[in-house]
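Whole structure, please, built from the sequences with the hints as guidance.
Under numbering that gives the first Met the number 0, think of the first position of the sequence shown as 0, with each following residue one higher.
These are computed hints drawn from the structure, not numbers from a lab. Please read these numbers as outputs of a predicted model, since none were measured by experiment. Watch out, some of these pointers could steer you wrong.
[To be verified] Below, simulated SDA-like cross-link-like pairs (lysine to any residue); rule was C-alpha separation at most 25 angstroms, straight line:
no.: 1; residue 1: LYS58; residue 2: THR92
no.: 2; residue 1: LYS58; residue 2: GLY192
no.: 3; residue 1: LYS113; residue 2: VAL128
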Amino acid sequence: MNDPGFASTPEERQRLLAANTAAARFFRRELLRATDGWPSGYLKEAGIEQVLSTDSTWKVGYAPDTWSNLVDHLQSEGFSHATMVRAGLMRWTEDGDAVDRYRDELVLVARDHKLLPAGFIGIGPDGGVRSLTPATAVHRSSNVLVGIDEQMDLLRGGAMPVIVDDPAGAIAVSEMSRQLDGQWAGIPVCGDGLSTAQTRMLRKFSLTDSVGVVVGGDERSQRRAVGFIPDLMLHYDRVRAVALPGSLREFTSLDSAPKRLHELLTTVPPTMSYRMGSGVAAEIHPDPDPPDRGLDL
Numbered sequence: 000m001n002d003p004g005f006a007s008t009p010e011e012r013q014r015l016l017a018a019n020t021a022a023a024r025f026f027r028r029e030l031l032r033a034t035d036g037w038p039s040g041y042l043k044e045a046g047i048e049q050v051l052s053t054d055s056t057w058k059v060g061y062a063p064d065t066w067s068n069l070v071d072h073l074q075s076e077g078f079s080h081a082t083m084v085r086a087g088l089m090r091w092t093e094d095g096d097a098v099d100r101y102r103d104e105l106v107l108v109a110r111d112h113k114l115l116p117a118g119f120i121g122i123g124p125d126g127g128v129r130s131l132t133p134a135t136a137v138h139r140s141s142n143v144l145v146g147i148d149e150q151m152d153l154l155r156g157g158a159m160p161v162i163v164d165d166p167a168g169a170i171a172v173s174e175m176s177r178q179l180d181g182q183w184a185g186i187p188v189c190g191d192g193l194s195t196a197q198t199r200m201l202r203k204f205s206l207t208d209s210v211g212v213v214v215g216g217d218e219r220s221q222r223r224a225v226g227f228i229p230d231l232m233l234h235y236d237r238v239r240a241v242a243l244p245g246s247l248r249e250f251t252s253l254d255s256a257p258k259r260l261h262e263l264l265t266t267v268p269p270t271m272s273y274r275m276g277s278g279v280a281a282e283i284h285p286d287p288d289p290p291d292r293g294l295d296l
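Encoded structure:
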């Protein structure tokens, strides 16, 4: 009973996507109903409480800390247990009870290259970010991204994608962008890092040939962010690594953050190499000749 299996027909895949869509609506409703507790506190502390507005483009949701509220809701909408299991939304207990697969998490929709709702990422009470959806017929964590659909207006207007290490930071960058004529689109990268498939997907929806990478936090976080650069250089003509002295959350809490981020992203030369320093970026060197991205990219 614990093996979700993989859907094998277009009809089954559409059913899984429909279940994810219904789940996303349920999660969004639950967050907007939650007027207290840690979810709203987390959003306010991160400076992104605007996502609690019904007209926010970021449809952040909340998976409630209940046994089977999502399962019961989806069943009332006509989804079978089998569909919920295959979509990664439900699991069976050892006693044979159908229960929600994840609980007490802020959730965001992870979309595939067609911007279809393939799965979810979550933010726990401790602020940790993880992929919630297991491998399914419509979801692989390395083939989905968060933030493109939410910022399509910015990207279509030529906004430069800015890669950050968590969803709250991406939303903060997005909001700062809207204060400065829509120059950036914050894209969170979670889990194992930025895959080639994700890089290609991001490039597909970028009108600009430039991309930014925010490098901050501890040395491990810096190394992870720097690791994104080589693959990005194969798909973008200009890659700008922005080194912060601390975490992105600390940076975005400053009143001067929008202006300072604008200065960093417009004055830092395109990246060729990056070396670690004592807690912050040490050297960034310009690349005078952007790499040939090839005819097929």
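Violations among the numbered hints: 1
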